[in-house]
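Can you build the whole structure from these sequences, using the hints too?
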Amino acid sequence: MITGIQEHLLLGGGLSLLAGLSTGIGAALALFFRKTDTRVLTFALGASAGVMVYISFMELLPSASDMLAENARWITTLAFFGGMALACMIDRLIPEDENPHEVPAPGCIDCVKATGEFAGNAKLKRSALLFTLAIAIHNFPEGIATVASAFDDTGIATSVALAVAIHNIPEGIAVALPLLYGTGNRRKAFGWALLSGLAEPLGAMVGMLILLPFLSPALLAVLFACVAGIMIYISFDELLPMAERWGHHHLSIYGVTTGMLIMAMVL
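The sequence shown begins at 0 in numbering that gives the first Met the number 0 and counts up one residue at a time.
I should point out that these hints are in silico values taken from the structure, not numbers from a laboratory.
Glycine residues also receive a C-beta, built at the ideal position from the N, C-alpha and C atoms.
Do not rely on the hints blindly, as some may be mistaken.
What follows is a list of derived Cβ distance ranges for each label pair [what the hints assert, rightly or not]:
1. Ala68 <-> Arg38: 47 to 57 Å
2. Leu218 <-> Tyr253: 36 to 46 Å
3. Thr257 <-> Phe213: 35 to 45 Å
4. Asn184 <-> Leu214: 38 to 48 Å
5. Ala263 <-> Gln5: 26 to 36 Å
6. Leu211 <-> Arg91: 26 to 36 Å
This is how it looks when you write it as structure tokens:
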């Protein structure tokens, strides 16, 4: 018989899997389509940031505070900034040259897609594998955020998973292009980029299974606040800079506003 906790884990794990596999959407855009509509991606990234920010401040942090006693709510603040520090530390551990969040400019993407031949050599292949490893490391806190949100009774897990999935599309672009140069094969590049997204649900489930024996309202409160910090960091360090890189400033702001409005209506 499946218990309530197991249901939460199954829901979070399934949503995390779908979010992780959306890396393949970005890979397909980079490898198989002639043009990449960066205006749509810019708006979507802004909306993703809006969803994450709204859920963090209007749902996860208040829920975390309500789970704790009046004299222990300061723990929420510590956990929130602890989540930001964790995401920052993971980001800093990866050298800038191998950072998958450094998304190529539109001209770079279209230039690669227009090229008929690719030089697959050992150095480029090594670089491509480092990109794949980097994306796996980056996806760990995002997977934790998706699975942890499934324990919130307001049903925000789907919204968090959708926001993470949108965020993973540019990552798919950033991973697929060096893989294409390194392997010289579009199908291999797509396959490896798609598989790199599996690190998200795998890492998330491992992390949650470690915490499962100690699960309590107090630990959930800390986890919710920590996840809020992770999502705020992702929004300001990754999503909005990605959107700005493509040169459609106002579209990204419209996306942020739309994402927040949708969450306000849904919640």
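>> If you test the structure against every hint from before, which numbers come out violated?
In response: none
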